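Novice: Given chain A's structure and the hints, the job is docking chain B with the ligand onto it.
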Amino acid sequence: MASTKTYTAIFVALMALSTTQAAVEWLGLLEENYWPILGVILVLSSLKAMAVAGWFMHLREEPRSVTYVALTGLVGVLALTAGASYSII
Amino acid sequence: MSDLPPRSSVKRWLVTTNHKDVGILYLLTSVFFLVAAGVLALLIRIQLLQSGGTILSGVGYNQVVTAHGFIMIFWFLSPFAFGFANYFVPLQIGADDLAFPRLNAMSYWLYLFSGVLVLGSFFQGATFMGGWTAYAPLNVPAYIPEFGEVGSFATIVALIAFVGSVTIGSVNFLTTIYRMRAKGLRMRDIPLFSISILVTVWMMLFAFAAYLAALIILSSDHLLHTSFFALETGSGPEATDSGSLLWTHLFWFFGHPEVYIVFFPALGALAEMVQTFAGRRLVGRKWFIISMALVGIQSFIVWMHHMFLTSINLEIKTVIMVTTVAISLPFDLMVFSLIYTMIKGKIRWKTPFLFSIGSLVIFIIGGITGVFLGAIVLDYSFRGTYWVVAHFHYVMASSAVILIGAVYYWYPKMTGKMYNEFLGKAHFVTSFIGFNMLYFPMFIVWETPRRVFHYDSGFTPFHLLATAGAFIFAGSFLIMFYNLFASLYSDRHVDESPWAYASSPEWAVSSPPPLDNFPGKPSFASGKLNFLDRAGTDGGAKSETATDGGVATGDETLAPPEEHADHASWWPIMVSSSVLFAGLGISGLSVSYAVWPFALAIPAFIGFLGVEGARQDGFALIHGIYVMVAFPLTVALLILFHLGIGIFEAVGNASPYFWVGLIGSVWGSYTLAGFGYESFEVPEPKMAEQWPFESVENTKLGMWAFIASDIIVFGAFVGAYIFTRFEYGWEAWWHIAEDPSAHTMAGQALEHHPVLPGLINTYLLLASSFTVVLALTAARHKGNYSLGPLTISSRQATLGFLGMTFMGAAGFLVNKGIEWVDLYLHQGWTFGVDVMSSTFYLTTGMHGLHVIIGMLVLLFLIARTYTGAYVGENEDAGTLEYFGLYWHFVDIVWLFLFPLFYIL
Ligand SMILES: [Cu+2]
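Chains as they are written, first to last, in the UniProt record's numbering: chain A, 1 to 89; chain B, 1 to 904.
Among the hints, a few may not be true.
Far from chain A, by Cβ distances over 12 Å, these chain B residues were calculated [stated by the list, open to error]:
no., residue
1, 149
2, 164
3, 327
4, 389
5, 472
6, 789
Residues from chain B that face chain A, not an exhaustive set, calculated with beta carbons under 10 Å [what the hints assert, rightly or not]:
no., residue
7, 301
8, 727
9, 804
10, 887
11, 888
12, 891
13, 893
14, 903
It should be emphasised that the hints constitute simulated quantities derived from the structure, not laboratory data.
Quantities reported herein were computed from a predicted structural model and do not represent experimental measurements.
Cβ coordinates follow ideal geometry from the N, Cα and C atoms, glycine included.
Next up, chain A with everything else stripped away, as it sits in the complex:
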């Protein structure tokens, strides 16, 4: 387990990134430049998810195999979403 200080820093970063995501919409950036900003917002969400999984869920300290278990689920669902969405484009 990491120190309380680390956890607090992660927490503050998570809050800040979430605020950034909302601010992007409020500032009207999304409407001007939809697809690039969509990418930015989703990258921010992924970063946040990785921080939660890595530190709060201790994946950094577990054997790598545990991460692979979770990643397998993620890959599966990405295959489903990408395949299904591509099939109708």
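Specialist: Below, chain B with the ligand alone, put in the same frame as chain A:
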């Protein structure tokens, strides 16, 4: 915990958690469903004696065909294989039992009661009529005749309960096979049957999760009248029925792996039998295993070969055709390996081997005819014909035939008696003739349309032949039932093994094996199986315990572990029975309008937590508070109930579904609290081969496996949203709201472009994640905290952080409630107004349900922490950590829902 009575007692079979007992229960129950679905099959064949039918009405025929498919695939084939898996996987890998024996019993009882639900649906008007694939839109209320609505929905509920059973089972077997192997047993040396089960449970974990998501969305279309599967976008010739397409995607993403889920355990058993009766190790064993793993992965990228006749584009069809043909290659390798093993070996023609080679012939025919269907152009002709029916019966039934062989193979081990060889061979001959007489004519008259009982009258003789074959095939099973039953009372006793060349570990112990499986601690460390003195190996100085979700009492140190292992519990059957009642109540929701009984489950659960907590841990203030809180909550709900629909009138006119639902939900609350509080010891082996999860405790690995499957469930919801939004036009999405003619209400919803409520909830959930981490840190903290003049014990700190987590979650729900009330009531943006509202309410609603479940678990943890658990040097904070994993996962899901539903 209670004592395990002898096998002659009925009680034994209700309370047992022992893997061999549960295996036998699985086998017997699945044979019951085989007979049920077999009778339905005979009805189909009688109906098909002449074009236009003989004994069934159109509606009756549709029900029979649908139920035959559902029951054979879900309630017979897989559970039959898992009966063997339950019995033999622990024996083959040298484990005393599965990792979570209570959950294993619960898997079984959920399976049984879900089967009762599906059979019961026949008596609720009519069971589901749209085929086992349940294609949209025939699966939504608008396309189901009114008399069939309750029964159809009951079928869906039964399937959901069944998926619950499957998921618990998958998590259990994964954890067991990775973590409980005897010393020296490397992954690659696991016997082939257990390897096949490992590949199968991996596929089950993910495939069934997608099916669960599809079923939940379908339920929402039934209950909340959302519009997922009946959705049509565009108009005129441009229109596509994107809802139907969404169902086929979700269903076949599950459905294709499901074929291998059914087949692989049989394949593993086949490999074992071929080895034993050819008297040699499987040729190319390593490549056989690699092929199996490869097929397991590939099975998730071929699903659209079931959709060649839908509107998906040609590029993706071509890709899928290639992956489909590619998946047959590893199968070829496996088949050749089996055949080559037979050629190189010296065959002993016993009954199990006859079934093995017979099934191989059947499987090869089924496989080759399937390749025709995998070619896009040929599929245009073959789709919806008896070519398909014959093909998949050759494939699916070949696994049944292998498993019948496996019954003869393992019968001596399970009973200690030898079956009658002559009757066994007679069974094989009649069943093989009957089987081919039944299905081969279907290839010849393949132009018979599927699911319809009208065909070219020139085909009649062939259908007559098929029906005759069906009765011979069915009759052959009577020989088996007689043989197995009579042999039980014969004097043909068996020692360890009746087979000269059987090599897997289950044949090294007596028949039937003793309760704790082995005469000593099994070990492969010397290169072959031997048994070590138990007391010397584990349970010596310090043994870790897994608590199976229950409560560990941490004071067993000196005696051998088998004296501590519990083998009996009433709670699995009780929890599962509540699913039966609650499921019946839910199935009637469309006629009873009674969500109230289910809302009452929450205060009931809180109250029962107090009562059970006081009983198990001794009365403490917190238990009193829970009981006291439960009462006003109940009263508040009753008042709401009264204001909503008038309590006296409603209760006076309540349908039976109301009462069954009420009983089920309250009973469920009680039994879940009891399950959680039961002290149930399962020693975690100290000396075991655990690669690649050496430092991950059983419960933690189980939790991660569960989370991986939940990723698929949520991912499928999000995927359904993304798919629907693409279909609609991604960027035009928010403008659904600006189409004034159709969507005036949603227009107002758009005015409040809702980033703020989403952001507030993001803050709340992140904060609650943070406090869970702090609670765990505090629980593992040694000594007190001092804050200036204040001294806070680590227990108080843990309690404080858990309380804050609860409050954060409560704030999340309150905020969500305000948002929903505003959107739903004030702006009239109801669940089914448009696709946008459907996706929004369902996805965020399912997430909210996860939050509520987390809060109920938190109440349990808070009470346990209060009464002395988890904190301090002699206590294990593991449970808090595992809860944290769940809670952070719910948080992560929200991190994606927030931008997808509130920003983008
Ligand atoms: Cu397929």
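Novice: Where does the structure disagree with the numbered hints, that is, which hint numbers, in rising order?
Specialist: Those not satisfied come down to hint 9.
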